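One-letter residues, chain by chain:
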Amino acid sequence: MAFVIELLTAALLVVGAFFLLVGSIGLAKLPDMMRRLHGPTKATTLGIGAILVASMINAWAERGFLSLHELLITIFLFLAAPITAYMIAKAHILHDRETEEALPPTGVGTPWMTLAPPEGGREAEGGAEGGAGSPGSQGA
Amino acid sequence: MIETAALVCIGAIAIAIGLNVYRLALGPDILDRVLALDTMVINAIALIVMIGIWYATDVYFEAALLVAMVGFLSTVAFCKFVLRGNVIE
Chain A
2 MAFVIELLTA ALLVVGAFFL LVGSIGLAKL PDMMRRLHGP TKATTLGIGA
52 ILVASMINAW AERGFLSLHE LLITIFLFLA APITAYMIAK AHILHDRETE
102 EALPPTGVGT PWMTLAPPEG GREAEGGAEG GAGSPGSQGA
Chain B
21 MIETAALVCI GAIAIAIGLN VYRLALGPDI LDRVLALDTM VINAIALIVM
71 IGIWYATDVY FEAALLVAMV GFLSTVAFCK FVLRGNVIE
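Note that the protein sequences, when read in sequence, are chains A and B. 2 is the number of the first residue of the first sequence in the working numbering; add one for each residue after it. 21 is the number of the first residue of the second sequence in the working numbering; add one for each residue after it.
FYI, nobody ran anything at the bench for these hints, they're computed from the structure. A couple of the hints might just be wrong.
Simulated restraints, written as ranges between beta carbons of each label pair [said to hold, decoys possible]: (1) B/Val41 with A/His39: 33 to 43 Å; (2) A/Lys91 with B/Leu86: 41 to 51 Å; (3) B/Ala76 with A/Leu116: 46 to 56 Å; (4) B/Arg104 with A/Asp33: 48 to 58 Å.
Calculated pairs, EDC-like style, for lysine to aspartate or glutamate (alpha carbon to alpha carbon, straight line, at most 20 Å) [what the hints assert, rightly or not]: (5) A/Lys91 with A/Glu101; (6) A/Lys91 with A/Asp33; (7) B/Lys100 with A/Asp97; (8) A/Lys43 with B/Asp52; (9) A/Lys43 with A/Asp33; (10) A/Lys30 with B/Asp52; (11) A/Lys91 with A/Glu102; (12) A/Lys91 with B/Glu109; (13) A/Lys30 with B/Asp49; (14) B/Lys100 with B/Asp52; (15) A/Lys91 with B/Asp49; (16) B/Lys100 with B/Asp49; (17) A/Lys91 with B/Glu82; (18) B/Lys100 with A/Glu7.
Derived list of chain B stretches under chain A, where covered just means 3 residues or more per stretch with a C-beta under 8 Å from a C-beta of chain A [to be verified]: (19) 42 to 56; (20) 68 to 78; (21) 97 to 108.
On a predicted model such as this, the values are computed, not experimentally measured, just so you know. Cβ atoms here follow ideal geometry from the backbone N, Cα and C, with glycine treated the same way.
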C-alpha cells in the first residue's frame, strides 16, 4: 500500500512538472501574442493542480490526516486564470493597432463591442460615471 | 522514489523559469512581458509547493497562497494600467 501511494505521488509530480514545462515552452516558442496566451493555461490548471494533489497525498501518507487546504490554491487559480487571460487579451486588442485592423467583420452591421460600445450604453453610463471615462479628465 | 521525482520536478520548473526569463527579456510588446511575469508567478507557486514536499512541512502552503494572490492582483493591475494609464480611477 505504501508503495502504491509513493508511486502515485511520484507520478503526479512528474505529470505536473511536464505540464509546467509545456506551458513555458509554449510561452517561449509560439509566434504571436494571442497564441502565446494559451500556452501557460496548461501550467495554471494541470501543472499546479497535479503538484498540489501530490502534496496532499504526500502529507496524508506522512502525517496520517488528509489536509484539504491545498485545494484552496487550486480553486483560487481556477477563478483567477480566466480573469487574467481576459484582461491581457483585452489590453492587447486595444493596445495594438495592427490587431484591431486584422479583426474580421462581425457580420451583423455593428462594430466589435470591445472597440466601439453601443451609443445607448455609453449614454446610460455617462450620467453615473461622470467624466471618469473621458480622456480630458485623466490628466487632472 | 519521491526524492527522484521531486528532483526531476524542480529541474523542470527551473528550466520553465529560464524560458520565462527568455520571453521576459525578448518579448516584443509590454503585454508579452506581463504574461511572462504571470507565468513566472505560477512557476514560483509550484516551486514553493515543491519546497513544502521536500522538507515535509506545512508552513509553505500559506506562502504559496499569498504568492498566488499577489501575482493575480499585480497582473490585473498591470493590464488596467496599460489599458487606462491609471490603476484606480
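Hints broken by the structure, by number, lowest first? 1, 2, 4, 17, 18
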